[in-house]
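Protein chains: 2
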Amino acid sequence: MSFSPLIQQLIKALRCLPGVGPKSAQRMALHLLEHDRPAALVLAGALQEAVDRVGECESCRTLSEEPICGICASRSRDATLLCVLESPVDMLAIEQTGGFGGYYFVLKGHLSPIDGVGPEDLGIDRLMERLERGEVKEVILATNPTVEGEATAHYIAEQVRELDIRVSRIAHGVPVGGELEFIDGGTLAHALAGRRSLV
Amino acid sequence: MSFSPLIQQLIKALRCLPGVGPKSAQRMALHLLEHDRPAALVLAGALQEAVDRVGECESCRTLSEEPICGICASRSRDATLLCVLESPVDMLAIEQTGGFGGYYFVLKGHLSPIDGVGPEDLGIDRLMERLERGEVKEVILATNPTVEGEATAHYIAEQVRELDIRVSRIAHGVPVGGELEFIDGGTLAHALAGRRSLV
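First to last, the sequence lines map onto chains R and G. Residue numbers 1 to 199, in full-length UniProt numbering, belong to the letters of the first sequence in order. Residue numbers 1 to 199, in full-length UniProt numbering, belong to the letters of the second sequence in order.
Be a bit skeptical, because a hint or two may be false.
Computed cross-link-like contacts, BS3-like style, restricted to lysine-lysine with a CA-CA straight-line distance of at most 30 Å [claimed, not checked]:
id : chain 1 : residue 1 : chain 2 : residue 2
1  : G       : 12        : G       : 23
2  : R       : 23        : G       : 108
3  : R       : 23        : G       : 23
4  : G       : 12        : R       : 108
The hints are simulated quantities; they were obtained by calculation from the structure and are not laboratory data.
Can you make the complete structure from the sequences, with help from the hints?
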């Protein structure tokens, strides 16, 4: 015996959520059906509406239901700075620091020839068009410090080289509050190579 | 800055799932919107359909989209045994052991005067009607070994006392494969009090 077909269908559908295995999906399905049916309907509606209406910002490619997202629509930011990111979450993380006042460009991924992800899939052609317009003076490459993220950053740096634009990469090193003892070798090597003189 | 209103609405709606906090909800929402929109639509449909169509079995009160669930509809089980449970998941857990061939009755909760949950909310009146029909010879009380679960079991046992029906409680003790050293005192006390002679 197992659950009735509709409950099994719901359990299976919940598995699409990242981090949700068979046991969690079962617990979620039964919780919603037993204790919180209104919330289940709200969730169904929110999923439907978000899928139907959330597209991407025409300017920075982040997820947005408006043609131009709130940040790109803002006129009070520094148009000479452009931060290039892999994903909308990274954009949120940087915004939350409050330490960056420029604009963003979201690649939505990284170069990955094995998976067939090339420069055009990441909108690098659109990024270059934007840079050629001349307003941006510095491109900050904030892709992830993974092999693919580094390769993507290098590819973009190569492309930008021909233009009169500064290209920088975010610093990699020991996290603030971290203890050297517990930091991996790759990060430590980065931290040493990227040392800055104090006097 | 934060996400656009529709994405925020989706993140908030995902929080209704048990075990999902703000960070997980954010990760889920972005994962679905960035990488798996078809799955999001399937999930929305499954939620809607389950809420619309899954009700409870008229006989055992478990979640079911049919008026009578698969187990209650089966004619090949032992009608003299009735196992009383707190929730449909417990029913599934017992079914998966393959060691029980009787029928079930699901209370969908436990007695809890503080939360205003009384015998009628648990369908105990319907349970008694069923027992009075005389087919059942033994009621196995398999409510959880919590204070409320014990109280519920005792309440039902009191009610059944007047009928000519055996009432039993599932055994509590050391889990198979458990080590005494790591078992809590309450369980150990149960295990000692419920000891069975071997010869």
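Enumerated hints in conflict with the structure, sorted upward: none
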